[in-house]
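Chemist: Going down the list, the protein sequences come from chains B and F.
In terms of our numbering, the first sequence opens at residue 1 and continues consecutively.
In terms of our numbering, the second sequence opens at residue 1 and continues consecutively.
It should be emphasised that the hints constitute simulated quantities derived from the structure, not laboratory data.
Keep in mind that a hint or two might mislead.
What the hints assert, rightly or not - Short derived list, chain B residues pointing at chain F, Cβ under 7 Å:
| hint | residue |
| --- | --- |
| 1 | D18 |
| 2 | E112 |
| 3 | I115 |
Everything numeric in this text was worked out from a predicted model, so none of it was measured.
Glycine included, each C-beta is placed from N, C-alpha and C at the ideal position.
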Amino acid sequence: MTPSIDVRIASMVRTLGDIIIPAIDPDNSLAREQAALLHGHLRMLVEQLPHVAAYEQLCLDDMHAVAGELTGTASGGIKTHEAARQLKDACANTERQSDQKAGYHRIGFALEELITAAGIDGDAAFRKTLGTAVLQHSLRQTRRERSWFAMTGLDIFKADLPSIPEMVAGA
Amino acid sequence: MASLQHAGAGPAGATAADDPMAMEDRLKTIFLEKQVRRKLGVYTARTNEQIAEGLGRLLNAHGLSGHQISGLNRMAGGASKEQFVFTLTDPATGVAERLVLRMDPREGIIETCRKRESQVLEAVKGVVPVPPLRFVDGDGRYMGQPAMITSFVGGITKQRGGEGGGPSGVGTSLGRQYVDRLAPQFIDNLVRIHAIDTATLDLPDFSFPAPGTREAALWQVNYWAMVWRFDRTDAVPLFAYTETWLRENAPVCDEPVLLHGDYRAGNFLFDEETGQITAWLDWELSHIGDIHEDISYNFELLFGVLDEQGNYRVGDMFTTDEYVRRYEAASGRKIDPVKLHWYRVLNCFKLAVMNHASAVRAARDGTNHQDVLLSWLCACSHGIMDEMCRLLEGNKA
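So that you can see chain B by itself, here it is in the shape it has in the complex (with noise of 0.2 Å):
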């Protein structure tokens, strides 16, 4: 275990900035680019890494949640009964496994076909809960992405955005 993995992402960052970026031909503009990227992806693992486990629950958790409510109220014709049929399923296999991520896209699949057999024989009632549940529980999960990536400078609102520590913890 030691060196642990945060030591050793740590030491290559440092190699990479001080070492090896500088000593780039300037004229090799790709390699230039991609150095500073690779140090960028480096540079963020190492704030990700310790919460890896944490944030993965987290969004497991909410999406099971979400799936878990969607499933108690599916209301509507043939499609749309087994769709919400599969996604009780999917959400009772993941109970019994202990890969979060994979946890996570399983119950996602199995929700996405939902919308979709909603969308072909679902009650007019139902679709309504099932769009509002769909977009606040997205909205739930974009913030909590945009936290785990505000590091690479792409979100325009970063500044609103909690730490990952802090996000980890609910914020």
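Model the placement of chain F on the given structure of chain B, informed by the hints.
Modeler: Relative to the frame of chain B, chain F by itself:
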């Protein structure tokens, strides 16, 4: 997993409303070709030697085998193509021209057609400034990958040493000294592009949606939904919801026009001394469609900056209200707020699919020459999706 077997045209006579595969034929063809090509596996950046060999074959095919290639250098910047600059000298006259080679990698953030891009460059020549087209290798028979060569045009995309401007020119801040000079040109050039009579256009690889129908809108939804299905690497329930909403609310396009498709700061060059736009670049997303698609593209937060008061400015030049007002005044057209809203959602969907699906897929599979850039750019998809949620909720983003 999406299947190529279901990727054909719908029943004869099916309209775009019925057929999820109703879209421009050429775009469908090249996208499906990408699915085959991706099986070739990992792609590495072309070396200068490989490029020089390809150029030799291309020039030979044009009867220019005696011409000399020198100063071949790869260009940085841009997320979708391999780009090189080189000098081509005619030994008989000594005349040298500086040229730019634009070439497709195996897979990338978007799948576009060099034949289409070359056709539209010829179509808008004389209407707005564009790099002169010199050679096209539309199917890649000489270069190994589809490619296009234009003349090199001088200029900058933002003030030298200025702040802002991430990869691919996102978040470009033009520079205070240029904004007042560039703003009227930005509007004028867009108006000119939209004013071209589509009946006069020679665009053999373009399909033209029928006016007075929802084809212009639905072809876009169908195409980007297809890209999502084939390129996705994970689950995003928001996309399923958005696709349904887009189909149910697709507007009629009364007058399809030529669109740039990626009209924004970062995609034009201007003269550092005079502030005159010298060339509009990156026409690969150009298609025939609704003006609201080009207009709303600049509402995307990724393509502007915040001013000192924290207000969003389109390409660092205007507020969104001012941008619409100036376009309406210059064009004589009226922007429909309902259509503008729909196309804002479409543009978010498009950009999110590019960055969250195609880019990640190419980075994951190593089928691009700059995986680390694509995996970096994917991060912007979350801000785009946040904006998409707010638009769908009915809140002004």
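Chemist: Under 7 Å, Cβ to Cβ, is where I115(B) needs to be relative to chain F, so tell me if that hint holds or is violated.
Modeler: holds (4 Å)
Chemist: Tell me if the interface restraint on D18(B) is satisfied: Cβ within less than 7 Å of some Cβ in chain F.
Modeler: violated (19 Å)
Chemist: Does the nearest C-beta of chain F fall within a distance shorter than 7 Å of the C-beta of E112(B)?
Modeler: Where the cut-off is 7 Å and the nearest Cβ of chain F is about 4 Å from E112(B), the hint holds.
Of the numbered hints listed earlier, the single one contradicted by the structure is hint 1.
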